[in-house]
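Student: Given these sequences and hints, build the entire structure.
Protein chains in written order, with this note's numbering: chain A, 1 to 221; chain B, 222 to 476.
Honestly, I wouldn't trust all of these hints.
Stretch-level coverage of chain A by chain B, calculated; a stretch enters the list once three of its residues show a Cβ under 8 angstroms from a Cβ in chain B [what the hints assert, rightly or not]:
1. 116-123
2. 129-137
If you anchor each label on the Cβ, the simulated ranges turn out as follows [claimed, not checked]:
3. B:Gly359 to A:Pro142: 26 to 36 angstroms
4. B:His232 to A:Thr203: 27 to 37 angstroms
5. B:Leu238 to A:Arg208: 46 to 56 angstroms
6. A:Arg137 to B:Tyr298: 24 to 34 angstroms
7. A:Val59 to B:Asp438: 35 to 45 angstroms
8. A:Ile38 to B:Tyr298: 36 to 46 angstroms
9. A:Ala112 to B:Lys471: 43 to 53 angstroms
10. A:Phe42 to B:Glu366: 50 to 60 angstroms
11. A:Arg52 to B:Arg467: 44 to 54 angstroms
12. A:Asn180 to B:Arg344: 34 to 44 angstroms
13. A:Arg52 to B:Pro453: 46 to 56 angstroms
14. B:Leu288 to A:Arg52: 25 to 35 angstroms
15. A:Trp51 to B:Tyr298: 12 to 22 angstroms
Everything labelled a hint here was simulated from the structure, so no lab data went into it.
C-beta: ideal position from N, C-alpha, C; glycine also.
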Amino acid sequence: MYFLNVLEAKGWYFLTTLLGGWPETAGVAAASLVFALIVGLFIALLRLSRWRLLRFPAVAYVEFFRGTPALVQLFVIYFGLPDTGFQPSPLQAAIVGLGLNGAAYLSEIYRAGIESIHRGQLEASLSLGMTPASAMRYIILPQAIRTMLPPITNFAIVLLKDTAIIFAVGVVEIMALARNLVTETLQSAVVYLIAGAIYLCMTIPMARFAARLERAKRAWQ
Amino acid sequence: MAPLLRIVDLHKRFGALEVLSGISIDVARGEKVSIIGPSGSGKTTLLRCINYLEKPSAGHIYIDGKLIGEAERNGGYVHLSDRELAKERQEIGFVFQRFNLFPHLTALDNVTIAPRKVLGLPREEAEARGREMLTKVGLGHKIGEYPERLSGGQQQRVAIARVLAMQPKLMLFDEATSALDPELIGEVLRVMRQLAEEGRTMVIVTHEIQFAGEVSDRVVFMDGGKIVEQGPPREVLLKPQQPRTREFLKHIQDR
Numbered sequence: 001m002y003f004l005n006v007l008e009a010k011g012w013y014f015l016t017t018l019l020g021g022w023p024e025t026a027g028v029a030a031a032s033l034v035f036a037l038i039v040g041l042f043i044a045l046l047r048l049s050r051w052r053l054l055r056f057p058a059v060a061y062v063e064f065f066r067g068t069p070a071l072v073q074l075f076v077i078y079f080g081l082p083d084t085g086f087q088p089s090p091l092q093a094a095i096v097g098l099g100l101n102g103a104a105y106l107s108e109i110y111r112a113g114i115e116s117i118h119r120g121q122l123e124a125s126l127s128l129g130m131t132p133a134s135a136m137r138y139i140i141l142p143q144a145i146r147t148m149l150p151p152i153t154n155f156a157i158v159l160l161k162d163t164a165i166i167f168a169v170g171v172v173e174i175m176a177l178a179r180n181l182v183t184e185t186l187q188s189a190v191v192y193l194i195a196g197a198i199y200l201c202m203t204i205p206m207a208r209f210a211a212r213l214e215r216a217k218r219a220w221q
Numbered sequence: 222m223a224p225l226l227r228i229v230d231l232h233k234r235f236g237a238l239e240v241l242s243g244i245s246i247d248v249a250r251g252e253k254v255s256i257i258g259p260s261g262s263g264k265t266t267l268l269r270c271i272n273y274l275e276k277p278s279a280g281h282i283y284i285d286g287k288l289i290g291e292a293e294r295n296g297g298y299v300h301l302s303d304r305e306l307a308k309e310r311q312e313i314g315f316v317f318q319r320f321n322l323f324p325h326l327t328a329l330d331n332v333t334i335a336p337r338k339v340l341g342l343p344r345e346e347a348e349a350r351g352r353e354m355l356t357k358v359g360l361g362h363k364i365g366e367y368p369e370r371l372s373g374g375q376q377q378r379v380a381i382a383r384v385l386a387m388q389p390k391l392m393l394f395d396e397a398t399s400a401l402d403p404e405l406i407g408e409v410l411r412v413m414r415q416l417a418e419e420g421r422t423m424v425i426v427t428h429e430i431q432f433a434g435e436v437s438d439r440v441v442f443m444d445g446g447k448i449v450e451q452g453p454p455r456e457v458l459l460k461p462q463q464p465r466t467r468e469f470l471k472h473i474q475d476r
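Tutor: This is the structure:
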C-alpha cells in the first residue's frame, strides 16, 4: 500500500525526471552499437585471416575485452587516458568504452556467421576470378548477415542495458538521474522500479524484433 | 602449337597421404578429355589443382604456355598473390558437383555477378550476356528465379551459364551430374554435349562412362593418384590394355 501511495503522489514526477535521461541512454547505446558493428567486423576479418600475425592481435583483443569488466574498461578510458594528455568527455568515454567492449562480442557473432557459409560458396567465387576480398563482400557477407541479424539484435539489447553503468564516468542518463532522485526523496524501490520499466519499454520491442528475424531466417533456409 | 593445358609432374599431398603422384598430361585447344576412375583415385583433386583451388605440392601447370598459380623468379618458383591468381582463374571455368550457386542471388544475378564485379562490364552489357547464356542452357524463362526454386538439373545448368558468361578458355567439370536425380542427368549432359560440339576445350571428371565415350576425344583412366591408361574412347573403354582399367569398367557395368 505504502509503495502505491508513493507511486500515486510522486510517480509522474519520477517518470518525467527519469525520462530526461532517455536521450543519453538511447544515444550512447546507438552510437556504441554503430562503433562496435564497425570495429567488430574489422576484428572478425583479422581473426579469419590466414596469417597468424594478424589473427593473434584479434584473439588477444577479444580475450581482453570479454575477460575484463566493462566498468574497468570505462575507468581506464575516462580516468586513465587523461594521463596521456587526452581528456575524453563522459559521452566520448562511454561510447568508445562500450563500443570497444561490444566489438569483442560482435566479432564473435560475425565470425560464426561467416563460418556458417558453406565453403563451396567461396570456392565458386574464387573459380569465377573473384579475389577473396570480393568474394567476402559480394557473396559471403550478404548471406552471413541473415544468420547474424538475430544474435546482433540480442546483443543490442544487452548493450542498451549495459549503458546503466556509464553514470560511473559522469554521463547523466537514466540511472544517474535515478540515483539523484533517490538521494533527494529516499524512495529507492519506486524510483528504481520506474527506471527498470523504462528500460523494459525499450528492450521488449527489440526482443520481439529479434524473434521475428529468427522466424524469418528459418523460413528462408 | 603449344597445348592449351599442360600439366607437368603434378604431385599433391594431404599430410602423409599422397593423392596425386606425378601426373603429366597435355590437352590441345578444342580437345575434350574425360577422366574416369574409382573414388579416391585423385580425379577431383587433379581438377581442383588446375585452377588452384588446391595448391599443388609439386609440379607445374601451364595454360596457353603461361605458368598458372606461380611465377618464375630468380631461378625459383613463387606463389602468386590473391589478385594475380584471381586474374588467371578468370580463364578457367569450373563446374562443381554440388552446383554452388549463390542462394541470395537470382539466376540472372548468379550469371552476371562475375562479369560485372570481375570483368567490370556495365550492368546492361552483363545482363544481355547473362540472358544469352541462360537461354543457351534452356533457362531463358527462369532468369528471375532464386536457386532454391530450381530443380537440381536447372541449378547445374545455371552454374554452367555462370561459367560461360566469363568466356573461359578452358572448362572443368567436376562430376557435374553426380549430385542429380537420375531423371535430371540428361538435361545437363545435353548442355555439356552442345558445348563439346562448339569446339570448347573441356576436361570432364565423370562417372557417366557412356557419355565420356560419346563426347570425348580422349579418355584418361586414373587410379591411385596416377594415370594408368589413356587414349581414344574406343580403345580405353572397349579394349583396355591395363588389368586395372578392365576391372574398373567391368565393375561399372555390373552395377
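Student: Does each hint hold? Answer for all of them.
Tutor: Going down the list of hints, with the structure as the test:
1. 116-123: With 4 residues closer than 8 angstroms to chain B, the stretch 116-123 of chain A meets the three-residue bar; holds.
2. 129-137: holds (count 6)
3. B:Gly359 to A:Pro142: 26 to 36 angstroms: Given about 28 angstroms between the Cβ atoms, the range holds.
4. B:His232 to A:Thr203: 27 to 37 angstroms: At roughly 59 angstroms between Cβ atoms, A:Thr203 and B:His232 fall outside 27 to 37 angstroms, so the hint is violated.
5. B:Leu238 to A:Arg208: 46 to 56 angstroms: Once the Cβ atoms are compared, 52 angstroms apart, the range 46 to 56 angstroms for A:Arg208 and B:Leu238 holds.
6. A:Arg137 to B:Tyr298: 24 to 34 angstroms: holds (31 angstroms)
7. A:Val59 to B:Asp438: 35 to 45 angstroms: violated (53 angstroms)
8. A:Ile38 to B:Tyr298: 36 to 46 angstroms: Between A:Ile38 and B:Tyr298, where Cβ atoms are some 40 angstroms apart, the hint holds.
9. A:Ala112 to B:Lys471: 43 to 53 angstroms: About 49 angstroms separates the Cβ atoms of A:Ala112 and B:Lys471, which means 43 to 53 angstroms holds.
10. A:Phe42 to B:Glu366: 50 to 60 angstroms: violated (36 angstroms)
11. A:Arg52 to B:Arg467: 44 to 54 angstroms: 50 angstroms Cβ-Cβ, so the 44 to 54 angstroms window holds.
12. A:Asn180 to B:Arg344: 34 to 44 angstroms: violated (58 angstroms)
13. A:Arg52 to B:Pro453: 46 to 56 angstroms: holds (50 angstroms)
14. B:Leu288 to A:Arg52: 25 to 35 angstroms: The hint (25 to 35 angstroms, Cβ to Cβ) holds, given that B:Leu288 and A:Arg52 are roughly 28 angstroms apart.
15. A:Trp51 to B:Tyr298: 12 to 22 angstroms: Between A:Trp51 and B:Tyr298, where Cβ atoms are some 21 angstroms apart, the hint holds.
The earlier numbered hints that this structure contradicts are 4, 7, 10 and 12.
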